[in-house]
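Protein chains: 2
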Amino acid sequence: MTPTISINDSQRLQLSPLEIPSRLLLGPGPSNAHPTVLQAMNTSPVGHLDPAFLALMDEIQSLLRYVWQTENPLTIAVSGTGTAAMEATIANSVEPGDVVLIGVAGYFGNRLVDMAGRYGADVRTITKPWGQVFSLEELKTALETHRPAILALVHAETSTGARQPLEGVADLCREFGTLLLLDTVTSLGGVPIFLDAWGVDLAYSCSQKGLGCPPGASPFTMSPRAAEKLQKRRTKVANWYLDMSLLSKYWGSDRVYHHTAPINLYYALREALRLVAEEGLANCWQRHQKNVEYLWESLEDIGLSMHVEREYRLPTLTTVRIPDGVDGKAIARQLLNEHNIEIGGGLGELAGKVWRVGLMGFNSRKESVDQLIAALRQVLPQ
Amino acid sequence: MTPTISINDSQRLQLSPLEIPSRLLLGPGPSNAHPTVLQAMNTSPVGHLDPAFLALMDEIQSLLRYVWQTENPLTIAVSGTGTAAMEATIANSVEPGDVVLIGVAGYFGNRLVDMAGRYGADVRTITKPWGQVFSLEELKTALETHRPAILALVHAETSTGARQPLEGVADLCREFGTLLLLDTVTSLGGVPIFLDAWGVDLAYSCSQKGLGCPPGASPFTMSPRAAEKLQKRRTKVANWYLDMSLLSKYWGSDRVYHHTAPINLYYALREALRLVAEEGLANCWQRHQKNVEYLWESLEDIGLSMHVEREYRLPTLTTVRIPDGVDGKAIARQLLNEHNIEIGGGLGELAGKVWRVGLMGFNSRKESVDQLIAALRQVLPQ
Chain A
25 MTPTISINDS
35 QRLQLSPLEI
45 PSRLLLGPGP
55 SNAHPTVLQA
65 MNTSPVGHLD
75 PAFLALMDEI
85 QSLLRYVWQT
95 ENPLTIAVSG
105 TGTAAMEATI
115 ANSVEPGDVV
125 LIGVAGYFGN
135 RLVDMAGRYG
145 ADVRTITKPW
155 GQVFSLEELK
165 TALETHRPAI
175 LALVHAETST
185 GARQPLEGVA
195 DLCREFGTLL
205 LLDTVTSLGG
215 VPIFLDAWGV
225 DLAYSCSQKG
235 LGCPPGASPF
245 TMSPRAAEKL
255 QKRRTKVANW
265 YLDMSLLSKY
275 WGSDRVYHHT
285 APINLYYALR
295 EALRLVAEEG
305 LANCWQRHQK
315 NVEYLWESLE
325 DIGLSMHVER
335 EYRLPTLTTV
345 RIPDGVDGKA
355 IARQLLNEHN
365 IEIGGGLGEL
375 AGKVWRVGLM
385 GFNSRKESVD
395 QLIAALRQVL
405 PQ
Chain B
25 MTPTISINDS
35 QRLQLSPLEI
45 PSRLLLGPGP
55 SNAHPTVLQA
65 MNTSPVGHLD
75 PAFLALMDEI
85 QSLLRYVWQT
95 ENPLTIAVSG
105 TGTAAMEATI
115 ANSVEPGDVV
125 LIGVAGYFGN
135 RLVDMAGRYG
145 ADVRTITKPW
155 GQVFSLEELK
165 TALETHRPAI
175 LALVHAETST
185 GARQPLEGVA
195 DLCREFGTLL
205 LLDTVTSLGG
215 VPIFLDAWGV
225 DLAYSCSQKG
235 LGCPPGASPF
245 TMSPRAAEKL
255 QKRRTKVANW
265 YLDMSLLSKY
275 WGSDRVYHHT
285 APINLYYALR
295 EALRLVAEEG
305 LANCWQRHQK
315 NVEYLWESLE
325 DIGLSMHVER
335 EYRLPTLTTV
345 RIPDGVDGKA
355 IARQLLNEHN
365 IEIGGGLGEL
375 AGKVWRVGLM
385 GFNSRKESVD
395 QLIAALRQVL
405 PQ
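Chains as they are written, first to last, in the working numbering: chain A, 25 to 406; chain B, 25 to 406.
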C-alpha cells in the first residue's frame with residue numbers, strides 16, 4: 025500500500041485556523057442564524073439511520089407543515105440549498121412534453137423557465153415588469169390560452185421584493201386541471217402563507233431566510249394531487265438525488281437508505297423550526313411586518329424611496345431605489361468594509377437601479393434597522 | 025397584511041431544545057467530525073459573495089486538488105452530499121445516447137447504472153461478485169467490446185470494502201477515447217489516490233468519511249479532457265443545480281451568482297482540509313493503514329474474519345463476516361443502544377452476511393478499535 029508515486033505538494037496550502045468576519049447580513053440572504061440554531065450545528069453527527077435522527081426527521085416534517093400551513097404527508101427537507109428544492113419541484117412534476125406556464129416578473133421566474141426546459145417541459149411564459157405582480161384576470165387569460173399541466177408562480181420574488189397575491193389562483197387552476205407550483209423561498213416564516221387554503225400543489229423554500237437557519241437543507245412539499253401525478257409518471261424522475269419516489273421511502277415509514285443527509289444542518293433546521301413554533305406563526309409574521317414598516321419609514325426619513333408599490337411589498341425583502349448619481353456598488357462595498365453590514369445589489373432589469381435589503385428571521389429586529397440607517401447616514405453623499 | 029385565514033396549530037409541536045446522543049460512528053459513514061471542524065460550523069454565516077467567503081472557496085479548491093493529487097482547474101465542492109457529487113459527474117459528462125460502461129461489484133456501481141440511465145446513457149455493465157475487483161484484462165476486454173464514451177469505476181466500494189486497483193486503466197481508456205470516471209467517496213483522505221497520475225477524468229467524493237467533516241459539501245473534479253466534452257455538448261446539462269458550465273462561473277474568476285452555498289459546511293470543509301494538509305497526505309494514509317491493520321488483528325483475535333481478500337481491502341472500511349447463528353442486526357442494535365457505537369449492516373448481496381466497520385478521518389485511531397473490540401466482547405455470544 026506504500027505509494028509508488030511521489031506526492032505533489034504544490035497545492036498543499038499552509039493555512040491558519042478559520043477566521044471569518046462577523047457581518048450583519050441584511051441582503052437577500054443568507055441572513056444571520058439565531059445563536060441557538062448556530063449552536064446546534066456544533067453537535068457531533070449521528071448516523072442518518074440512527075433512531076435519534078429518524079425522530080428528528082419526523083419533527084422537521086411536522087414543523088414544516090405548520091410553517092407552511094399544510095397537511096401534505098410528503099413534506100420534507102431536501103439535502104441542498106433552495107435551488108435544489110426548486111429543482112425538486114420541477115423534476116418530480118414535469119414529464120417531457122408537459123405544458124408548464126411560468127409567471128416571470130423577476131430573476132427567479134427566469135430560473136424556473138431554464139429549469140423546466142431542462143426537464144423537457146413545453147415552457148410558456150407570462151411576463152410583467154420586474155417589481156409588479158400578476159392580476160387574477162391576467163392569470164385566467166393565460167390559463168385559458170395555454171391550458172398548462174403546471175402553473176408556476178413566485179410568491180416572493182427575491183430579485184424585486186414583490187409579493188404575488190395567491191387568493192383565487194387555485195380555483196382557476198382546478199378549472200383547467202392545472203397543478204399550482206409556488207416559490208416561497210423569501211416568504212416562508214416571514215410572510216403569511218396558507219398552502220392548503222390557497223390550494224398550492226408544490227412548493228419549495230430555503231432555510232437561511234425567514235427561518236433563521238444557515239443554508240443547506242431546504243423545505244419541499246407536494247400535495248396528494250401532485251403525488252398522484254408523480255405515481256403515474258411514464259418515465260423515471262430525471263434526477264436521482266431529488267427523486268421523491270425514492271426520498272419518500274427514506275422520510276416515510278420504510279426508512280430505506282437513499283443518501284447521507286447533511287446531519288448537522290438538520291439539527292439546525294429542527295432548532296430553527298422549534299423557535300418559530302415557540303414564537304407562533306402569527307407573532308412571527310407580525311414581527312416581520314412591523315420591522316419592515318419601520319425600515320420603510322426610516323429609509324424615507326433619509327430621503328430614499330422603495331421600488332415596489334406598498335400593497336405588494338414583501339415584509340422580508342425591500343428593493344430601495346439608488347438615488348441618481350449615487351454609485352450603488354460603491355455604497356454597498358463601503359457598508360460591508362467599514363460597517364460589516366451586507367446589503368444586496370439589483371439583478372437583471374433592476375441591476376444598478378436598486379439595493380436589496382432583507383429583514384428576515386432572526387435579523388428582523390428594530391436594531392438591524394437602526395444599525396443600517398446609522399451606517400447609511402455615514403456612507404451616503406449628503 | 026393581517027391573515028384572514030385562521031392558523032392551523034395541529035402540526036405545531038412543542039419541543040424541548042435539541043438533545044442528541046453522543047455516538048462513536050464506526051459505520052460506513054458519516055464518521056465523527058474532528059472537534060476543530062465541528063467548532064467551525066458554529067461560526068455565523070457570511071454572504072456567498074462576501075470577499076472573505078470567496079477567498080475560502082479558493083482555499084478549498086487548492087486543498088481538494090492536493091488531497092486528490094490533481095491539477096484540474098475545475099475542482100470544487102458541490103452543495104449537497106456525496107450522491108449529489110456523483111450525480112454531478114454523470115449529469116455533466118453524459119449526453120443522451122452516450123455509451124457508458126459501468127463496473128458493478130457492489131451497491132454504488134448499481135447506483136451509477138440507475139443514474140446514468142436517467143441522463144439518457146446507453147448503459148453497459150460488467151459485474152463481479154460483491155467484494156471482488158476487476159482485473160486489467162477484464163477491463164480491457166469490456167472496453168474492446170463496448171467502446172464506451174465513459175468508463176465508470178468505484179475506487180472504494182462502500183458496500184463491500186474492496187479497493188479497485190487503477191494502475192494501467194487510464195492507458196486503456198486513452199486507447200479507446202474513453203473518459204475515466206471514478207467514485208472516491210470512501211477513499212479520499214484515507215486511501216492513496218493519484219488522480220492525475222492515474223489519468224482519471226471525473227471524480228467525486230464526500231466530506232464525512234476520510235476528510236473528517238460533517239456531510240453536506242462534496243468534492244467534485246473534472247479534467248480538461250472532460251471539460252472539453254462539457255463545452256462541446258449539443259444539449260444543456262439536464263440538471264440546473266449541478267451544471268458545471270454555470271457553477272464554474274461562480275467558482276471561477278467571474279463569481280457569477282448561481283445558488284446560495286451551504287456557507288457553514290464550507291467553513292467546516294476548509295478546516296477539515298487544512299488539518300489533512302497539516303498532517304500531510306502520506307502520514308494520513310499511513311495512519312489509516314496502520315489502524316485498520318490493528319482492527320483486522322483485533323477482530324481475528326476475537327474469532328471474526330474479513331470478507332475481502334487482504335490485498336484488496338480498504339483501509340477505511342472493512343466488511344466483517346457475521347458468524348453463523350449470530351443475529352447481525354441485533355448485535356449492531358446492542359452496540360448502538362448499550363455502547364453508543366454505530367457499525368453498519370450489509371447491503372444487497374451482503375445483507376445479513378457482513379457488518380461494515382469504518383475507521384475514517386478523525387475516527388481512524390487506535391482508541392476507536394479498542395472501544396469497538398471491548399464492546400464486541402460484551403455483546404457477541406461466547
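Keep in mind the hints are simulated off the structure, nothing from the lab.
Keep in mind that this is a model prediction, so the values were computed, not measured.
Among the hints, erroneous ones may be present.
[Stated by the list, open to error] Footprint (simulated), chain A over chain B, 3 or more residues, beta carbon under 8 Å:
#: 1; region: 34-41
#: 2; region: 64-73
#: 3; region: 106-117
#: 4; region: 146-157
#: 5; region: 245-251
Using N, Cα and C, we set each Cβ at its ideal position, and we do this for glycine too.
Each hint tested on the structure:
1. Beta-carbon proximity to chain A at under 8 Å applies to 7 residues in the region 34-41 of chain B; the threshold of 3 is reached and the given coverage holds.
2. Counting residues of the region 64-73 of chain B whose beta-carbon sits less than 8 Å from any beta-carbon of chain A gives 9, enough to reach three: the coverage restraint holds.
3. A count of 4 residues in the region 106-117 of chain B with a Cβ less than 8 Å from any Cβ of chain A is obtained; the coverage claim is therefore met, three being the minimum.
4. Chain A is given as covering the region 146-157 of chain B, and this is violated because 0 residues of the stretch bring a CB closer than 8 Å to a CB of that chain, at least three being needed.
5. Counting residues of the region 245-251 of chain B whose CB lies closer than 8 Å to any CB of chain A gives 0, so the stated coverage by that chain is violated, three being the minimum.
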